[in-house]
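Participant: One letter stands for each residue in the lines below.
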Amino acid sequence: MRKVFILALVFIVSLSCCACADEVKIGSCIYTFNDAFMLRFRNAMADESPKLGAELTLADSKNDQTTQDAQVDEFIAAGVKALIINPVNRMDVQTMVDKARAADIPIVFINREPMPEVLASYHKAYYVGAKPEESGTQSGQLIADYFHEHPEADKNHDGKIQFVMLRGENGHQDMIARSRYSVLALKNAGYEPVEIAGAIANWEKLQAMNIMNAFIMSIGAENIEAVLANNDEMALGAVEALKANDYNKGNPEMYIPVVGVDANASALDAMNAGEMLGTVLNDADNQGIAAVRLAEAVASGRDIGTIGYEVTDGKYVWIPYQKITKGE
Amino acid sequence: MAENTTSRSKRLFTTAGLIFLALGIVLYFAKAPMGLNRKIYDLPIFLIIIGVCFALKGFMSKNAPVNELETSRVSFVEFLTNNAILLAMLVLVVVICILQPRFMQIRVALDILTQSSTKLIMALGICFALLIAGTDLSAGRMVGLAAVVSASMMQTATYANRFFPDLPQVEVWIPIVAAIAACMVFGALNGFIVAKYEMHPFIATLATQVIIYGVCSLYFDMPPNNSQPIGGIRSDFAQIGQMRLFSGIYKGFPGISILIPISIVICIIIWFILNKTIFGKNVYAIGGNREAAVVAGINVFRNIMFIFILASFLYGIAGVLEAARTAGATNNYGNGYETDAIAACVVGGVSMNGGIGRVGGIIMGVLIFTVIQYGLQFINVSPMWQQVIKGVIIAVAVAIDLTKYRRK
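Chains as they are written, first to last, in my numbering: chain E, 1 to 328; chain L, 1001 to 1408.
Keep in mind the hints are simulated off the structure, nothing from the lab. Mixed in with the good hints, there may be bad ones.
Stated by the list, open to error - Footprint (simulated), chain L over chain E, 3 or more residues, beta carbon under 8 Å:
(1) 26-39
(2) 192-203
(3) 215-228
(4) 233-239
Said to hold, decoys possible - Subject to a maximum C-alpha distance of 25 Å in a straight line, what follows is the list of computed DSS-like cross-link-like pairs (lysine-lysine):
(5) 243(E) with 1251(L)
(6) 124(E) with 155(E)
(7) 315(E) with 160(E)
(8) 51(E) with 124(E)
(9) 1031(L) with 1251(L)
(10) 1251(L) with 155(E)
(11) 99(E) with 315(E)
(12) 62(E) with 99(E)
(13) 155(E) with 1196(L)
(14) 249(E) with 1251(L)
(15) 155(E) with 131(E)
(16) 155(E) with 243(E)
Note that CB positions come from ideal geometry on N, CA and C, so glycine has one too.
Working from the sequences, and respecting the hints, build out all of it.
Facilitator: Written as structure tokens, this is what we have:
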């Protein structure tokens, strides 16, 4: 099946090459097409490319690093002038960097950050993304702000915040950073956070709902003072579990603040209904635009200072997160 | 001899039942004055229920000889091995109750039954394929398909990111029928390739599994949704999975999830189909010996078609309920459900070689799995260890089952 896929890919890429000989051809691999955030990201890239006169081809790596490596080979064979890679495994990208170096084309990593020494190994390797710690910090601040405005949220009046943490996929950089920095933000705001329970829910609503339900049963909702989720889908799963136990349905006595990250449509909906406290926007649109502009600029030999985004250390473009609460 | 054992087992059950009952009643009245409320929770009520069940079993078994409980040592060992998984579960439950007394709550028991409901519907669907010595790998993806299709048409008018921006607020039954029909189309495809080309169901349903996931992803990826999780679900649809009956009968009673009666009704229907209809007899006949069934004049083609269509109907229901329960859907819903359902069937005594399996066993298998999984999560056992334990249970259960058949 893979052979057929690769053949099809070669065919499509070569076809698009014949059609537009003078455009900058960019090949981009997305770790999977089933990720809502990466969808916004790739839509932003696809919208920006024609404005720059670039031709963008997207490939679905189906969450398999071997597939992605093969796709990179095919892109290079088809003569792309730049690569934009959303790695399947951020620790396993050296091979792709080596391939880009051999072809002397820029390689821009997105969303999943490679190790610094890997980026340092090739002068045309870049990373466009958001600082994951920033999303953690901001979601922690949302809870801290809430406790500041509502001292009664400390239900057992012990001066500590007993929270539940719902984590994303094990080992994911965002999961690690969001978990750590949200707690740190609570500490920096002068609170003492206590993780009363925590589990990995793999970014999924269904899993988060079942896990949260088990926590409500085993710990008791009355003993949980806040829920910190690494993304909105998991936050929404927690909200559903709370609602099933008559929490977060409008009664101020029965409310637990829940925060997520991503600002997807369902989360905004839940926030306006008063079921969820807040979220942090990971700005996919600006990241997508920056990635394409950077790739195109390097491929056409222009100065990377002209892309409209600040480039740090000649390697990184950092797009800031934004805090969002009800009504925004 | 038979009469002797009967009366002995009768006496055993009755006495045990009455002891539990008495203990339960004493604890019930003693727990508040002794300050045990936060230590034993609803344990007295559980004891009373267990006691009543045992006592009833004792009284009812008057005329039906019970052979499992012969008191000779050999049969006692046999009893232990035959019920090893059940006993292991009971031990685990006791351990969990000691570690985390909150486990002894009525609401926890109800929650376990709720979580078992959709799994049970899945298992009842998949058992037909197992009964004809086949399997159905497409079950989980059908759940995803039904979830996405039903949720996509059930969004509120004001939701910012609607799947069909111009769709009016349709009657609730329309998306449900559409979702189940979509599953049944693929169920028919399963049945057709299995029956027409005599393809092994493993391969046939593997193929449809991949097709369904692809089709579901294409649907899910349609603009303007573009693969975003479906949200903003109408509350009248969500109620199908979230409604609670009799809540507030007394203070603190969480109510019985609507999923429990739904799955009970489906159990009764499937029990009736398997035991009281010609189709049910044909399923067992085909599973027991396909050639003999053909010789006996059973229309194998028609029966196999019906098996897979009926199964897909049940997966469709499970998918709709999952979407309603979680008030959302993605194309990843239901991923891996088929393995859980097969495992529950197998632990419940359904033979992979076909022809053997009862609805009661399947219910037992699902409950055992859910209790263990829920209990391990309850005392916060790492999900990785949960996987290991799950695997061990499957292997041990089937090993015991096979030795049982070999002995006979």
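Participant: Take the hints in turn and mark each one as holding or not.
Facilitator: Hint check results:
Proximity of the stretch 26-39 of chain E to chain L, defined as three or more residues with a beta carbon under 8 Å from a beta carbon of that chain, is established by the 5 residues found. Counting residues of the stretch 192-203 of chain E whose C-beta lies closer than 8 Å to any C-beta of chain L gives 3; at least three are required, and the coverage claim holds. Counting residues of the stretch 215-228 of chain E whose CB lies closer than 8 Å to any CB of chain L gives 4, which reaches the minimum of 3, so the coverage claim holds. Counting residues of the stretch 233-239 of chain E whose beta-carbon sits less than 8 Å from any beta-carbon of chain L gives 3, enough to reach three: the coverage restraint holds.
For the hint pairing residue 243(E) with residue 1251(L), the CA-to-CA distance comes to about 18 Å; that is within 25 Å, so the pair holds. Proximity of residue 124(E) to residue 155(E) is assessed by CA-CA distance (about 53 Å); at most 25 Å being required, the pair is judged violated. A hinted pair counts as satisfied when its Cα atoms are at most 25 Å apart, and residue 315(E) with residue 160(E) does not qualify at roughly 41 Å. For a cut-off of 25 Å, the pair hint linking residue 51(E) to residue 124(E) stands: about 23 Å separates their Cα positions.
Between the alpha carbons of residue 1031(L) and residue 1251(L) the distance comes to roughly 17 Å, so the proposed pair stays at or under 25 Å and holds. Only pairs whose Cα atoms come within 25 Å are accepted, and residue 1251(L) paired with residue 155(E) is accepted, the gap being roughly 22 Å. Taking the CA atoms of residue 99(E) and residue 315(E), the gap is about 18 Å. The hint holds against a cut of 25 Å. Between the alpha carbons of residue 62(E) and residue 99(E) the distance comes to roughly 20 Å, so the proposed pair stays at or under 25 Å and holds.
A C-alpha spacing of about 65 Å is found between residue 155(E) and residue 1196(L), which places the hinted pair above 25 Å, so the restraint is violated. The straight-line distance between the Cα atoms of residue 249(E) and residue 1251(L) is roughly 19 Å, inside the 25 Å bound, and the hint therefore holds. Taken as a hint, the residue 155(E) and residue 131(E) pair is broken in the structure, with Cα atoms around 33 Å apart against an allowance of 25 Å. Restraint check for residue 155(E) and residue 243(E): the C-alpha separation of about 19 Å stays at or below 25 Å, so the hint holds.
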